[in-house]
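K.L.:
From first to last, the protein sequence lines stand for chains A and B.
Under UniProt numbering, think of the first position of the first sequence as 1, with each following residue one higher.
Under UniProt numbering, think of the first position of the second sequence as 1, with each following residue one higher.
Some hints here could point you the wrong way.
Unchecked claim - Residues on chain B that point at chain A, a partial pick, calculated with CB under 8 Å:
hint, residue
1, Ala102
2, Met106
3, His107
4, Ile182
5, Pro223
6, Lys248
7, Leu357
8, Ser426
9, Val433
What the hints assert, rightly or not - In silico DSS-like links for lysine-lysine, alpha-carbon gap of 25 Å or less:
hint, chain 1, residue 1, chain 2, residue 2
10, A, Lys400, A, Lys449
11, A, Lys262, A, Lys282
12, A, Lys449, A, Lys282
13, A, Lys449, B, Lys248
14, B, Lys262, B, Lys282
15, A, Lys413, A, Lys262
16, A, Lys463, B, Lys282
17, B, Lys400, A, Lys449
18, A, Lys248, B, Lys248
19, B, Lys449, A, Lys463
Worth flagging that the hints you see were computed from the coordinates, not collected in a lab.
Note that the Cβ used here is the ideal one computed from N, Cα and C, for glycine as well.
Protein chains: 2
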Amino acid sequence: MSIAPLVSATSDFEAKVRALMPDDVFATVTASYLEEPRGRYAGTAGLLAKPRTTEQVATLVAAAHAAGVAVIPYGGGTGLVGGQIAEDGVPPLILSLERMTALRSMHAEEGVMVVEAGMILADVQSHARAEGLMFPLSLASEGSARVGGVLSTNAGGVNVLRYGNARDLCLGLEVVMPDGTIWNGLTRLRKNNTGYDLRHLMIGAEGTLGIITAACLRLHPEPASEGTAFMAVRDPRAALSLLAMTQKRMGGGVSAFELIHKQGLDFLSETLPDVRQPFAEKPEWMVLIDVGLAQGLNPASALEALFSEASEAGLVSDGVIAQSQSQRQQFWALRENIPEANRRIGSVSSHDISVPLSAIPAFIERGNQAIAQLGSFRVNCFGHVGDGNLHYNVFPVDGKSRADHEHQREDIKRTVHDLVHDMGGSVSAEHGVGRLKVADLERYSDPVKLTTMRAIKDALDPKGIMNPGAVLAR
Amino acid sequence: MSIAPLVSATSDFEAKVRALMPDDVFATVTASYLEEPRGRYAGTAGLLAKPRTTEQVATLVAAAHAAGVAVIPYGGGTGLVGGQIAEDGVPPLILSLERMTALRSMHAEEGVMVVEAGMILADVQSHARAEGLMFPLSLASEGSARVGGVLSTNAGGVNVLRYGNARDLCLGLEVVMPDGTIWNGLTRLRKNNTGYDLRHLMIGAEGTLGIITAACLRLHPEPASEGTAFMAVRDPRAALSLLAMTQKRMGGGVSAFELIHKQGLDFLSETLPDVRQPFAEKPEWMVLIDVGLAQGLNPASALEALFSEASEAGLVSDGVIAQSQSQRQQFWALRENIPEANRRIGSVSSHDISVPLSAIPAFIERGNQAIAQLGSFRVNCFGHVGDGNLHYNVFPVDGKSRADHEHQREDIKRTVHDLVHDMGGSVSAEHGVGRLKVADLERYSDPVKLTTMRAIKDALDPKGIMNPGAVLAR
Numbered sequence: 001m002s003i004a005p006l007v008s009a010t011s012d013f014e015a016k017v018r019a020l021m022p023d024d025v026f027a028t029v030t031a032s033y034l035e036e037p038r039g040r041y042a043g044t045a046g047l048l049a050k051p052r053t054t055e056q057v058a059t060l061v062a063a064a065h066a067a068g069v070a071v072i073p074y075g076g077g078t079g080l081v082g083g084q085i086a087e088d089g090v091p092p093l094i095l096s097l098e099r100m101t102a103l104r105s106m107h108a109e110e111g112v113m114v115v116e117a118g119m120i121l122a123d124v125q126s127h128a129r130a131e132g133l134m135f136p137l138s139l140a141s142e143g144s145a146r147v148g149g150v151l152s153t154n155a156g157g158v159n160v161l162r163y164g165n166a167r168d169l170c171l172g173l174e175v176v177m178p179d180g181t182i183w184n185g186l187t188r189l190r191k192n193n194t195g196y197d198l199r200h201l202m203i204g205a206e207g208t209l210g211i212i213t214a215a216c217l218r219l220h221p222e223p224a225s226e227g228t229a230f231m232a233v234r235d236p237r238a239a240l241s242l243l244a245m246t247q248k249r250m251g252g253g254v255s256a257f258e259l260i261h262k263q264g265l266d267f268l269s270e271t272l273p274d275v276r277q278p279f280a281e282k283p284e285w286m287v288l289i290d291v292g293l294a295q296g297l298n299p300a301s302a303l304e305a306l307f308s309e310a311s312e313a314g315l316v317s318d319g320v321i322a323q324s325q326s327q328r329q330q331f332w333a334l335r336e337n338i339p340e341a342n343r344r345i346g347s348v349s350s351h352d353i354s355v356p357l358s359a360i361p362a363f364i365e366r367g368n369q370a371i372a373q374l375g376s377f378r379v380n381c382f383g384h385v386g387d388g389n390l391h392y393n394v395f396p397v398d399g400k401s402r403a404d405h406e407h408q409r410e411d412i413k414r415t416v417h418d419l420v421h422d423m424g425g426s427v428s429a430e431h432g433v434g435r436l437k438v439a440d441l442e443r444y445s446d447p448v449k450l451t452t453m454r455a456i457k458d459a460l461d462p463k464g465i466m467n468p469g470a471v472l473a474r
Numbered sequence: 001m002s003i004a005p006l007v008s009a010t011s012d013f014e015a016k017v018r019a020l021m022p023d024d025v026f027a028t029v030t031a032s033y034l035e036e037p038r039g040r041y042a043g044t045a046g047l048l049a050k051p052r053t054t055e056q057v058a059t060l061v062a063a064a065h066a067a068g069v070a071v072i073p074y075g076g077g078t079g080l081v082g083g084q085i086a087e088d089g090v091p092p093l094i095l096s097l098e099r100m101t102a103l104r105s106m107h108a109e110e111g112v113m114v115v116e117a118g119m120i121l122a123d124v125q126s127h128a129r130a131e132g133l134m135f136p137l138s139l140a141s142e143g144s145a146r147v148g149g150v151l152s153t154n155a156g157g158v159n160v161l162r163y164g165n166a167r168d169l170c171l172g173l174e175v176v177m178p179d180g181t182i183w184n185g186l187t188r189l190r191k192n193n194t195g196y197d198l199r200h201l202m203i204g205a206e207g208t209l210g211i212i213t214a215a216c217l218r219l220h221p222e223p224a225s226e227g228t229a230f231m232a233v234r235d236p237r238a239a240l241s242l243l244a245m246t247q248k249r250m251g252g253g254v255s256a257f258e259l260i261h262k263q264g265l266d267f268l269s270e271t272l273p274d275v276r277q278p279f280a281e282k283p284e285w286m287v288l289i290d291v292g293l294a295q296g297l298n299p300a301s302a303l304e305a306l307f308s309e310a311s312e313a314g315l316v317s318d319g320v321i322a323q324s325q326s327q328r329q330q331f332w333a334l335r336e337n338i339p340e341a342n343r344r345i346g347s348v349s350s351h352d353i354s355v356p357l358s359a360i361p362a363f364i365e366r367g368n369q370a371i372a373q374l375g376s377f378r379v380n381c382f383g384h385v386g387d388g389n390l391h392y393n394v395f396p397v398d399g400k401s402r403a404d405h406e407h408q409r410e411d412i413k414r415t416v417h418d419l420v421h422d423m424g425g426s427v428s429a430e431h432g433v434g435r436l437k438v439a440d441l442e443r444y445s446d447p448v449k450l451t452t453m454r455a456i457k458d459a460l461d462p463k464g465i466m467n468p469g470a471v472l473a474r
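Go ahead and model the full structure; you've got the sequences and the hints to work with.
P.N.:
Below is the structure:
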C-alpha cells in the first residue's frame, strides 16, 4: 500500500480548523511540547490545539484526516520512548488533552470512575482516596502523567504484581478514531463479551490507532492493613523463591516485590546521601516487599513469620520490617530515589526489559558477563522482579562519563536486547515502543505479528496520520 | 467491500488437502459436530479434520484461504451461542482441535504453563494442581470445554471476581491466522509493551480472526485456607453492600460472590430434591460467598466476623458457614446444580447479561415488572453478582411448558435485552456472540465499534472464511 506524504498543519489547514471552533482552542507551540524527558528527540513545531471537549477533538481529527495532516496526541509528556514527539519535519497538529481533565462521574459503590483523558494520574489517585478507595497504578511520573498517555502506553509501575498493568484497570474507553468518528465504549461493565475487544487494542497502541479522550477506571478497596520490609537475599534466584513463598503465605496480598542491587544503594550513597540505608552493611541483593492484608492480620507479624521461614530455608540473611507508616514511606523513598540517583550518575544505556521469571537469574548473569566484555562499566539492575521486569542500566565507572562511552551505546543496547530476545523476553516491558524502539520491534517481533499490526493500522488509519512514525515506521 | 461466495469443502478441495497430510487426519463428520448444547442450530456437514500439529492446522487453513472454503474451528462443542456450528449450507472445513491436547511445558516456579488448544479445561486444572498451583477458571462445562474455545469466547465462570476472565489468565498465544501463517506469540511474560496487543484481539474473537492452537496460561498459588458461607440477604441492594463489606475486610481474598434467588431453590426442590438446602426456610435472596485467605487467618472465623458486622448493619438475616471441606463442596453443589434444575424445568428464554454493579437492583426490579406485563412467568435470576453478571432466565409457571410460550420467546428476549441496553449493560456477559446474538450486536453496539470490527475482520480475513456468520454477519 502506498501512502500519500503528510501535509503541513500550518497555513491552509490551520485556517480551516480555526474557523471550526473558538480561537482560544489554539495556542503557541512552546518548547515543552517539542521535548521529552530523556532529551533524545526534538519535535517539529506545528499547530497546537488544546480542545475542551471530545467533539472538538473529533472535529480536529476529522479535518486532519481529510487533509492528510499528522496528529500527535499529547498527554503529560512524560513518555520515555519519544512517542509524544514528531520529528520528521512536516509540521503536525499537536493535540494536547491537558484541558480535558474532568471527573465525569464517580461510582464509588461500584469501584468505578469515569475521567477525561487529560486528568493527571495523581489526581485520579486523589479522587479515589476521597471515596475510601484506591487507584493502584503508581509510577515515578504520576504527578505529570495523564490518563490518556498512561493508557496509550499501558503503563506499569510498582503494583502490577497485584493489580495489573494500566489495561487491567480500565473497563471502558471513549476514543476518537483516525477518521474523526467517536467510539463510545465507556462501559462500566466487568464482563462484556460482545465482539472484538477494541479497548485492549487501543490500550498500548500509543496513539497510532486513535486518541483516547475518556476512560472508565477500576478502583480497588484499600487493604485493611499494610506492611513493608526489606530483606537481604542471597541472589536473584533466592529472590524468586522468596516471592513464591510470600505469595503462598499472603493469599494474594503481595502488592509489590522489588529487587534492588547493591549498585543502586551505592549510587544513592554517592548522589543522595540523605536517603536512609536499611542495612549497616549493604547486601549484594535485597528485595522490598509490600503487603496489604485482610482484617485480623498484623502485617509486621506476617512479615516476621515470612522472614523466619525464609531464613530457615536459607533464602534471606537479614531483614528490617517497617514498624510505622512513616517508616514504610521511608523504605519506599529509597526505592523511588534510585531512578533519580541513576539520572545523577548518568547511564550509558538503559533497558526496560522483561524475561520469563525463571530466566531472571541467568539473564542477570549472562548480561553482566556480556557487558564486562564490552569494557569497564557499572550495572544497576533493579525493578519489578515479580513481573519479570528489570531496569537493566549500564553506567560508566567512577571517573568516566556517559559522553566517554557515547560510541558504545548502540553496541551495549544491542547486546542486552539480543540477550533478552534470546531468552524469550521483551525489549519493552513497560515504557512502550514510541519512536525509540521502532527498529527493535522490527528486529525482534514475530513477522506475522508485524504483518498483522500493519494490516490493522492500514485498515483503521489508511492515511497514516495518527502519531506517524511511532510503533510502526510510516 | 464485496466478498466472494464460499466454496464447498468437498470434492476438489478435499482431494487437494488430503494429498497434503496423512489420511487419518480426516474423519467422518458425526452428529456431535453438527449439534450444540441448546439444540438451536443444525450444522452443515463438510470435511472434518483433526490435525495433530500446528503446522497441519496452518496447511489446512492456507488451503482453505486459497480456495475460499469456510473454516469452522471446533473445540469442546460446549458453547451456548452457536459459535461452533455453520448452518449456512455450504459444506465447511470443520477443524477440530481435539487431538492437540499436549502440555507443551510447565513452569511451576513461574506460575505458567503452555498447553495446546485442545486440552480440556479440567485437565488444565489437574496439571496445575499437580504442581501445587491452581488454574482458577472454573465453569459448568469444564469437563468438556477446551482451552481454545475457552479463550476464543473469553469464558468467565465463578472466580472472575478474584482472578478475572479467561483473557486475564492468558499470557501468550499461538494462532494460525486466516491466511494460514502462524503467529508465534507464546510469550511467558507478565509485562510486554511491544506493539498492538494481538492476544487480546484474538481472545474473544470466537475464531473469526484465526485459530488459537496453543496458549501460555497463568497459574495462581492456592490460597493458604479457604472458607464458604451462605448468607440470606434482605435484597439485591443488600447483597452489593455485603460484597463491598466483604472485599474491604478480606483484602482481596473474595474468590466468588454468587447471588441466588428463592426461585432457584424452589427449582432444586422440585427437580433435584436430594440437593441439601442450607436454610430451613428458603430466603427470598441469598449469597454464596467463597474466600481464600492468607496464612494466620481462620476463614470460618473471618466469615463469622463478617456476618456479625453485616447483621448489625441490617444486611443479612441468616447465615451458615461451612465447617469442613466437604461442607464447602456441599454448598457449592447447590450453586452448581441450579443450571441443571433450570434445564429440567425448561426455560422460555435465558439471558446472559451484565449491568453496572449499582444498576443490579433496579435492573431486577424493572425486569420483573416488564416480564409480568408479558404474562405469567417464573423468573430465576442468579449469577456472579460481583461481576454484574446475571443469568436472568424466564420460565413457564407450573403446569405450562416452554412450548406453550414459544411464540413469546423473541418478545421476552427483546424486552430483557432492551432494558439491559437502556441501563448501560451488555447482552452477552460471558457466553459470547456466536451466531445467536449477531443481530443483537448489530442492534445494540456502538456503530463506530461495529465499523471498526468490520474493518479489522476485512483486513485480517479478506475472504471471510474464518467462522463465517459468527460475531459479524458475512
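K.L.:
Does B:Ser426 meet its interface restraint, that is, does its C-beta lie within less than 8 Å of any C-beta in chain A?
P.N.:
holds, 4 Å
K.L.:
Is the Cα-Cα distance between B:Lys262 and B:Lys282 25 Å or less?
P.N.:
holds, 6 Å
K.L.:
Between A:Lys463 and B:Lys282, does the CA-CA distance stay at or below 25 Å?
P.N.:
The hint is violated at about 63 Å.
K.L.:
For B:Lys449 and A:Lys463, compute the direct alpha-carbon distance and say whether it is at most 25 Å.
P.N.:
holds, 20 Å
K.L.:
How about B:Ala102: closest beta carbon in chain A under 8 Å, or not?
P.N.:
violated, 19 Å
K.L.:
With the threshold set at 25 Å, check whether the alpha-carbon distance from A:Lys400 to A:Lys449 stays at or below it.
P.N.:
Violated, because 41 Å separates the two Cα atoms, which is more than 25 Å.
K.L.:
Hint check: is the beta carbon of B:Ile182 less than 8 Å from a beta carbon of chain A?
P.N.:
holds, 6 Å
K.L.:
Tell me if the interface restraint on B:Met106 is satisfied: Cβ within less than 8 Å of some Cβ in chain A.
P.N.:
violated, 11 Å
K.L.:
Quick check on B:His107 please, does its C-beta sit within 8 Å of some C-beta on chain A?
P.N.:
Result: holds, 6 Å to nearest chain A Cβ.
K.L.:
Given B:Leu357 was flagged as interface, is its beta-carbon under 8 Å from a beta-carbon of chain A?
P.N.:
holds, 4 Å
K.L.:
Take the C-alpha atoms of A:Lys262 and A:Lys282, compute the straight-line distance between them, and say whether it is at most 25 Å.
P.N.:
holds, 6 Å
K.L.:
Under the criterion that the straight-line Cα-Cα distance not exceed 25 Å, is the pair A:Lys248, B:Lys248 satisfied?
P.N.:
holds, 21 Å
Checked against the numbered hints given earlier, the structure breaks hints 1, 2, 10, 12, 13, 16 and 17 and satisfies all the rest.
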